[in-house]
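Visitor: Knowing the structure of chain A, use the given hints to seat chain B on it.
Single-letter residue listing:
There are 2 protein chains.
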Amino acid sequence: MQNNYLLLLEYQGTHFFGWQKQKDKPTVQETIENVLARIFQQKVKLVGQGRIDAGVHALGQTANFLAPARIPSANLKKAINSLLPPSIRVIDIKKVPLDFHARFSAISRTYFYLLWIGNDLPVFLRPFCTPCPFRLQIKKMQEGSRYLLGKHDFSAFCSGKDFTGSKVREIYRMEIIHRRKVALPWVNYQGKILEVEIEGNAFLKQMVRNIMGTLVEVGRGKFPPGKMKEILASGKRENAGPTLPPQGLFLKRVKYPDSIFQ
Amino acid sequence: MQNNYLLLLEYQGTHFFGWQKQKDKPTVQETIENVLARIFQQKVKLVGQGRIDAGVHALGQTANFLAPARIPSANLKKAINSLLPPSIRVIDIKKVPLDFHARFSAISRTYFYLLWIGNDLPVFLRPFCTPCPFRLQIKKMQEGSRYLLGKHDFSAFCSGKDFTGSKVREIYRMEIIHRRKVALPWVNYQGKILEVEIEGNAFLKQMVRNIMGTLVEVGRGKFPPGKMKEILASGKRENAGPTLPPQGLFLKRVKYPDSIFQ
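If you read the protein sequences in the order shown, they are chains A and B.
The numbering used here applies: residue 1 is where the first sequence begins, and numbers increase by one.
The numbering used here applies: residue 1 is where the second sequence begins, and numbers increase by one.
Same shape as in the complex, but just chain A:
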């Protein structure tokens, strides 16, 4: 008998060439598949919720796989974690219906992006924030972001390398927050991190990073907020702002219907 297992994963993107398997480069998918093959003594195919670019971090990446039902989930979690490199960690593992698919069953994805306002990015935050040397007007960024809400063709915010067909996606929610509480024993910088959180049904290649680059142009006053609407309507990538780097981008959560876990 086979079980369908859903993995909830955390990993630091800096250490991998993204999620998707590639020739001669370490990726997260391949690293986990190799571990699963060792545990089950057979080839196991891991289905991710989507591709994640090199350098992007994950707090809640999801993936599923079919495997023989002979190891209890808790033991399986321990076994996988003991064989994974410490830069990837299985946070949770759940049995799901056999027809569950990490990508097609998902109802939303939430990402956030961290900007460090200023030139003095501390070395310890380097893989996690993108430094931004400009003063940003948050209200304008909030105004600009509202034009993106809802269902649109996001071609203007899509990497030219995305050949996936329809460019229509739906954004449910965007929040732009000036983080005041940043406290770890070795950092205590107040009000220096600007966080943009975005939830949508799905995202095109580099869509969040292109939206971020455009929102920064709005925040620094180079684009008026209303230009977001024009850029979107134009469908032309060259009208939008630059692609911000993957450092700073986190996949926070992938949502599935509650019924799957019942």
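For the record, the hints were derived by calculation from the structure and aren't laboratory data.
Since we're looking at a predicted model, the values are computed, not measured.
No residue lacks a Cβ here, since even glycine has one placed at the ideal position from N, Cα and C.
Some hints here could point you the wrong way.
Below, simulated DSS-like cross-link-like pairs (lysine-lysine); rule was C-alpha separation at most 25 Å, straight line [stated by the list, open to error]:
| id | chain 1 | residue 1 | chain 2 | residue 2 |
| --- | --- | --- | --- | --- |
| 1 | B | K78 | B | K45 |
| 2 | A | K45 | A | K255 |
| 3 | B | K77 | A | K192 |
| 4 | B | K78 | A | K192 |
| 5 | B | K45 | B | K25 |
| 6 | B | K192 | A | K77 |
| 7 | A | K192 | A | K222 |
| 8 | A | K167 | A | K21 |
| 9 | B | K227 | B | K205 |
| 10 | B | K25 | B | K140 |
| 11 | A | K77 | A | K21 |
| 12 | A | K192 | B | K252 |
| 13 | B | K94 | B | K161 |
| 14 | B | K192 | A | K78 |
| 15 | B | K151 | B | K227 |
| 16 | B | K45 | B | K205 |
| 17 | A | K252 | B | K192 |
| 18 | B | K192 | B | K140 |
Selected chain B positions facing chain A (Cβ under 8 Å, derived; list incomplete) [unchecked claim]:
| id | residue |
| --- | --- |
| 19 | Q12 |
| 20 | R126 |
| 21 | I260 |
| 22 | F261 |
Covered by chain A, according to a simulated footprint, are these stretches of chain B (three or more residues, beta-carbon under 8 Å) [as the list claims (entries may be wrong)]:
| id | stretch |
| --- | --- |
| 23 | 115-125 |
| 24 | 228-235 |
Guide: Coordinates of chain B only, in the frame set by chain A:
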């Protein structure tokens, strides 16, 4: 005319084989000396406050160097930072008297060590905390740590590879704190980090990491707190606990007499 410059440095230890120059391995001292040689077009010798082992982080490492007095300090800071890799950063640069010596002028060093209590160390904290699978009794650790205060021969807590002569050092202060406030946008774990801060005139090789390994034995109940006194008196390294790893250890601050900065 020559100036004596004091550098205040921050760096992530994971990326270097420690401070001290070594053949064929990237060290912090060598990296900065190469940058200074490019700026001043001559060999510049950098004097650190002390050696720091591979993997140990620095929030406040200090070092000084003599160089021609032709660049204002603020410009020099910018020039150095623009040539350094982003894992090292000059936080401050000050002109100091010509007889100032980063090591011999120092009156104290403060380190802290971070333990993650539990097995579930998040991937993002991996270079910064040592996971500790035991429940620790902080009161017992505090009691044990008191025996270390004051001037003692610390041979029992010194790596066998330290050939520096006298093993007498003075510890001024030790604090063991259960960190309740751990909040970055991507971590919010409460009460999982135990921080031990220690200030002394100077430290022997691996002394903080050996003290930490012994304090953990006290905290988990393997050694009674009074054993700290016996271990210290014995002068024998084999009586103390294990050497904890460099991840988790931070040089926080090096103190100099105020008169230097006047």
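Visitor: Does each hint fit the structure? Answer for all of them.
Guide: Hints, verified against the model:
no. : hint            : in the structure
1   : B/K78 - B/K45   : 19 Å, holds
2   : A/K45 - A/K255  : 22 Å, holds
3   : B/K77 - A/K192  : 21 Å, holds
4   : B/K78 - A/K192  : 20 Å, holds
5   : B/K45 - B/K25   : 18 Å, holds
6   : B/K192 - A/K77  : 21 Å, holds
7   : A/K192 - A/K222 : 21 Å, holds
8   : A/K167 - A/K21  : 24 Å, holds
9   : B/K227 - B/K205 : 22 Å, holds
10  : B/K25 - B/K140  : 41 Å, violated
11  : A/K77 - A/K21   : 22 Å, holds
12  : A/K192 - B/K252 : 21 Å, holds
13  : B/K94 - B/K161  : 34 Å, violated
14  : B/K192 - A/K78  : 20 Å, holds
15  : B/K151 - B/K227 : 18 Å, holds
16  : B/K45 - B/K205  : 23 Å, holds
17  : A/K252 - B/K192 : 21 Å, holds
18  : B/K192 - B/K140 : 18 Å, holds
19  : Q12             : 5 Å, holds
20  : R126            : 5 Å, holds
21  : I260            : 25 Å, violated
22  : F261            : 21 Å, violated
23  : 115-125         : holds (count 5)
24  : 228-235         : violated (count 0)
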